[in-house]
Amino acid sequence: MSTDTAAPPARAADDDQRSRATSPLASWASDVRTVTWRNLIKFRRNPEILLFAVLQPIMFVLLFSQVYGGSIQIDGGNYTDYLMAGIFGQTVLFGSTFSGYQMAQDLKEGMIDRFRTLPMHDSAVLFGRTNADLVLNGVSVVIMMLSGALVGWRFHEGWLSFLAGVGILLLFSYAFSWVMALLGIVVRTPEVINNASFMILFPLTFISNAFVQTDRLPAVLEAFANWNPISALVQAVRELFGNTGVAATPDTFPMQNPILTTVAMSVLMLAVFVPLAVNRFRQASSR
Amino acid sequence: MAIIEAHDLRKTYHSRSGDVHALAGLSLTVPEGTVKGLLGPNGAGKTTTVKVLNTLLRPDSGTASVAGVDVLHDPEGVRRVIGASGQYAAVDEHLTGRENLEMVGRLYHLGGARARARAGELLEEFDLAGAGDRPVKGFSGGMRRRIDLACALVNSPQILFLDEPTTGLDPRSRLGLWEVIKDLVAQGTTVLLTTQYLEEADYLADDISVIDHGTVIAEGTADELKAQIGGHRVVVTLVDAADADTARAVLARHGTEEVQQDTGGRTLSVPVSEGPGALQHVLADLDGEGVRLHDAGMRRPTLDDVFLRLTGREQADDTTSELEESA
Chain A
977 MSTDTAAPPA
987 RAADDDQRSR
997 ATSPLASWAS
1007 DVRTVTWRNL
1017 IKFRRNPEIL
1027 LFAVLQPIMF
1037 VLLFSQVYGG
1047 SIQIDGGNYT
1057 DYLMAGIFGQ
1067 TVLFGSTFSG
1077 YQMAQDLKEG
1087 MIDRFRTLPM
1097 HDSAVLFGRT
1107 NADLVLNGVS
1117 VVIMMLSGAL
1127 VGWRFHEGWL
1137 SFLAGVGILL
1147 LFSYAFSWVM
1157 ALLGIVVRTP
1167 EVINNASFMI
1177 LFPLTFISNA
1187 FVQTDRLPAV
1197 LEAFANWNPI
1207 SALVQAVREL
1217 FGNTGVAATP
1227 DTFPMQNPIL
1237 TTVAMSVLML
1247 AVFVPLAVNR
1257 FRQASSR
Chain B
872 MAIIEAHDLR
882 KTYHSRSGDV
892 HALAGLSLTV
902 PEGTVKGLLG
912 PNGAGKTTTV
922 KVLNTLLRPD
932 SGTASVAGVD
942 VLHDPEGVRR
952 VIGASGQYAA
962 VDEHLTGREN
972 LEMVGRLYHL
982 GGARARARAG
992 ELLEEFDLAG
1002 AGDRPVKGFS
1012 GGMRRRIDLA
1022 CALVNSPQIL
1032 FLDEPTTGLD
1042 PRSRLGLWEV
1052 IKDLVAQGTT
1062 VLLTTQYLEE
1072 ADYLADDISV
1082 IDHGTVIAEG
1092 TADELKAQIG
1102 GHRVVVTLVD
1112 AADADTARAV
1122 LARHGTEEVQ
1132 QDTGGRTLSV
1142 PVSEGPGALQ
1152 HVLADLDGEG
1162 VRLHDAGMRR
1172 PTLDDVFLRL
1182 TGREQADDTT
1192 SELEESA
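If you read the sequences in order, they're chains A and B.
Here our numbering is used: position 209 in the first sequence is 1185, and no number is missing along the way.
Here our numbering is used: position 277 in the second sequence is 1148, and no number is missing along the way.
These are calculated hints, taken from the structure and not from any lab test.
Wrong hints could be hidden among the right ones.
What follows is a set of in silico ranges between Cβ atoms, one per label pair, in the way DEER data are often shown [claimed, not checked]: (1) S999(A) with G948(B): 14 to 24 Å; (2) Q1232(A) with D931(B): 32 to 42 Å; (3) S1011(B) with W1004(A): 32 to 42 Å; (4) F1174(A) with A873(B): 46 to 56 Å; (5) E1095(B) with F1174(A): 42 to 52 Å; (6) M1035(A) with S932(B): 50 to 60 Å; (7) S1144(B) with R1256(A): 56 to 66 Å; (8) S999(A) with E1095(B): 16 to 26 Å.
By construction, the Cβ of each residue, glycine as well, lies at the ideal position given by its N, Cα and C atoms.
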């Protein structure tokens, strides 16, 4: 190491910081951008992350549309059309769990300690995380839509409605990412996050309208499915894509007002979990 | 003038198996431009101390300031003037060395151009220019530590916290890193170093604080600490273990404390007060008794002796993390 970087550069760096002391909002945005960039590099260098994010839903598409498709009845509709909204919902739901896994991983590996010794905005670590995972979910959704198109899925309500459907999927996934991010900070063990989210989310997607009409379910499960937030998300997307078929919409508030329910639910999740996660993060050095 | 000051720091972790007092009234001062070594066994509170001072952890009570900035009231002010390099190389292994440095530079708000330039400078200085554009994942242990240390230097900090910087490194990488740290100190950086390696503290630190059970149990330069536990020791190795009792009696006559005998029974040592003179007397007496020797000599106490004396146990030689981190 050369010897010409004595104390003077310290002062130079200091001046640099002062001269760049822009508004807090601008420096926060810069921190968020930097952390998002860091997380996206990881996705780019590890394409298997994306592969595993879409592998399971692709298997479900094949399983349900090709293997069981003939045995599942949808009133007056095309099952592949009906199925895909459920698949999209499932894709973003599981995609968002990555936020929790990765927060726990960063804590475990000491990256969070590194961030916390820097004069950056704490919350930027979380925003950078959820932003990157939103991009991952966006790419996954595009891949799933192309896969759906291959097996015959189409949307029928025009582009505007289609884009609204995509928007609502991403809004929900972003909000759910924050729930998972908080979980990641609290649980701290990446493997536990993975297993626990699978155990909870798997039945949640199955006892919903994602793959079957809820009126075909046993009574108790039908009631649960008609109030299941996943059902509301899937129903909202299904309506916006024009994939509902002719079956009567179940008579519960979330199913009658799925778009309102999903948007309200997402906003509520953000309102609760963004401050909660940021606050928890501040206390969560690696101990 | 003290650039790092800590007064009566306390931190207790509550766990099912009872309370762990990670810090039990620890106080510390480090004068500007010096290297302070924190030495202690696993779980003694070394890492906890560093984490309080570099703002990663809030103590339950006590005060601390770094470069005149209050750690508890203005953590961000502290973060601007320090660099920290952790026990486990906290660099992103999916990023290249250059990207890691650039990221840190941007998070110091140097701006894109300055962050890029600084990354280039540091890669050169740390001899990583060739490997700088490969993901850190493929780096050797020594390279990883270097890039980790480089990350801590992006803002040319006045004060550097090094938490077990060479744990797990091979001897050659360790020496390399020691040289880098020596250079930094020569340029005026103040360093607070934790280590389990006595030789590391001996080599790098101007001043050592021995920590055990969350408090400082001894302080001073390596020489002062060694002097504290007595000056020289006379050490003899016998040809025949059967002479051990005779030799023990002779050593006891000239020593100031109890005679120590190694497990083989053939090497005995005792602290003495008057240095080389005592060795002559011991040798003459042993000769008179007809005890034959393989080897005899004087040795100054090592930090190991200090450690053994102060903490009542051998320095741990494993590299597991401190207790509080698994708590």
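Evaluated hints:
1. Range check, S999(A) to G948(B): about 19 Å between beta-carbon atoms, so the 14 to 24 Å window is met.
2. The hinted window of 32 to 42 Å between Q1232(A) and D931(B) is violated, with their beta carbons roughly 53 Å apart.
3. For the pair S1011(B) and W1004(A), the supplied restraint of 32 to 42 Å holds, since their beta-carbon distance comes to about 37 Å.
4. Checked against the given bound of 46 to 56 Å, the beta carbons of F1174(A) and A873(B), roughly 53 Å apart, stay inside it.
5. Between E1095(B) and F1174(A) the C-beta distance comes to about 59 Å, which lies outside the given range of 42 to 52 Å.
6. Restraint check, M1035(A) to S932(B): a C-beta distance of roughly 56 Å satisfies the suggested window 50 to 60 Å.
7. For the hinted restraint 56 to 66 Å between S1144(B) and R1256(A), the CB-CB distance of approximately 60 Å keeps it satisfied.
8. For the pair S999(A) and E1095(B), the beta carbons lie near 52 Å from each other, so the given range of 16 to 26 Å is not met.
The structure is inconsistent with the numbered hints 2, 5 and 8, although it conforms to all the rest.
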